[in-house]
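Chemist: Given the coordinates of chain A, assemble chain B onto it according to the supplied hints.
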Amino acid sequence: MTERERKERNSVHARRAVAYTVLTIISFLCLFWFYVLFINATRSNGELSRGFTAIPSTHLFENLNNLFHGSLPVLRGMLNSLIIASLSALLSTYFSTMTAYAIQVYDFKLKKFLFTFILAIMMIPTQVTALGFVQLVRNMKLLNSFIPLIVPTIAAPVTFFYMKQYMEANLPSALIEAARIDGAGELRTFNSIATPLMRPAIAVQAIFTFVSSWNNYFIPSLVLSSDNKKTLPILIAQLRAADWLKFDMGQVYAMIAFSIFPVIIVYLILSKNIVGGVTAGGVKE
Amino acid sequence: MTSNKKSRITSYNKWGYIFLIPFMVVFVVFQLIPLVTTIYNSFFENYMSGLKQVGPNFIGLKNYVQLLTQGDLLKYFKNTMIMWIAGFIPQILLSLLLGAWFTNPSLKLKGQRFFKTVIYLPNLIMASAFSMLFFTLFANTGPVNSILVNIGIFKEPYQFMSHAGTVRGLVAMMNCLMWFGNTTILLMAGMMGISDSLYEAAEVDGATPTQIFFRITLPLLKPIFIYVVVTSLIGGLQMFDVPQILTNGTGDPMRTSMTLIMYLNKHLYSKNYGLAGALSVLLLILTGILSLIVFRTTAKDELK
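In order, the protein sequence lines correspond to chains A and B. The first sequence begins at 1 in my numbering and counts up one residue at a time. The second sequence begins at 1 in my numbering and counts up one residue at a time.
Same shape as in the complex, but just chain A (with noise of 0.2 Å):
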């Protein structure tokens, strides 16, 4: 019986051993790339041309002062991109709450009807009504507009569905009958006592919208195209299509590295939000 069990404690041994080196060869090669980034982009052209080494160099400052100064309008382009995402998490996180609770709290009578056919439409993808989009947006004098951008992210089946999950759980119907007997009006006791409570849900889909809408580039690159309403992926896309080869590398690194870099930041410091609610409303045990 020893002898098993020493047999089984050296097996875990072994396989915890293979587990701990698969997984560092696997963080190695997540984080390879931002490292070469990082690296590449504090370095001057003439440094990059004569090939790779792993030291750090001294010109990231004068990079992004090139890549600032330079043709494409970076950071117009970043603040455009933060108009546009965090208004887009502020509109979509609150009417998606709204959604939720209409479905949640009320009781009528196209009540089932109306929560099937949003989860019906929940899988259709932008890209195949991205025609007629193009042109509605057309003809109600939108394009170079951010608002086609934004406002459509109201109606976000994903956000809703999580949200009324999360309601399920958190949101005690005591409550709400509580605040109806002291005389607080529907819209009221919406606003005051339910989104308080779906704090932490409205927070982590506010990161997730946040960054779907600053990644998005196939409908924002068919709705902008002048130079001072362009966002970010836009501008990447631009840089790909110039004659790179003429660029100073530098400044390509330096603008790959601006488009990325804050992004990793804002991750490292709400990592334990975002990797939690990946499932915490999407998937059902």
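Rather than coming from a laboratory, the hints here were simulated on the basis of the structure. All the given hints hold, so there is nothing to weed out.
Listed below are the simulated DMTMM-like cross-link pairs for lysine to aspartate or glutamate, each with C-alpha atoms no more than 20 Å apart in a straight line:
id	chain 1	residue 1	chain 2	residue 2
1	B	Lys14	A	Glu177
2	B	Lys14	A	Asp107
3	B	Lys108	A	Glu8
4	A	Lys7	B	Glu200
5	A	Lys7	B	Glu203
6	A	Lys7	B	Asp205
7	A	Lys246	A	Glu62
Quick caveat: nothing in here was measured; it's all calculated off a predicted structure.
Modeler: Positioned in the frame of chain A, the structure of chain B alone reads:
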């Protein structure tokens, strides 16, 4: 008194409709109307021939016929599927392995939070910037070639962007890197739902870890496994940012990495609305069928 109470309840419940108004209005304006006009467009001949506008003229199903018989649609569909499969197989294997390790009670791995944070990180990166990064890293004068030549694997820089295999491979690798963390976390949620007593019973009966994985974990994971496969396939059909930026929209070499959505994007830019519409509708039907499979399997799961 009772009738008063009843009327108050119904007056509360009308707020259900009121609170649904923003969602419904936005949905109708920005999704339903575009969907209808997209379908409508697919039955019309409507394109630019040079500077001359042709159409719109009603031509029935001719756009569909043209797409399915003349163009390179099937080729692009094949490209999309090859790149999706090449990325998805390592992705799902890696996710199953990591998920099994993270949830294994006898392994008790330390530093799980660190590893989960790291593997999920690429999922949040701007796909277009990530693709641009790979383009520069794998360029002829880029650091990857510099490293490979220095350690003597290649005598001279390898032209990654000129070979179908390496371009497709890079797209697959990026997709795998960006999504395996997400898949791992989803599969883990499913694995943690499996009762510990099952594992304990199997261990008492002398089952090896491999047997436990194939006989207990995998079969019980089936619903969430199907969910992951099908949603990933739907996402794969929408593959755009990564190959678009990597190849500057050309799908080179020889359009071997051109995906369906890149093709759609091309028609949208050249204002060929008839073909773009028909292509959208085909994609919608395909996605619809796949979604139905997801709904079916998850609904079955809930009935149990």
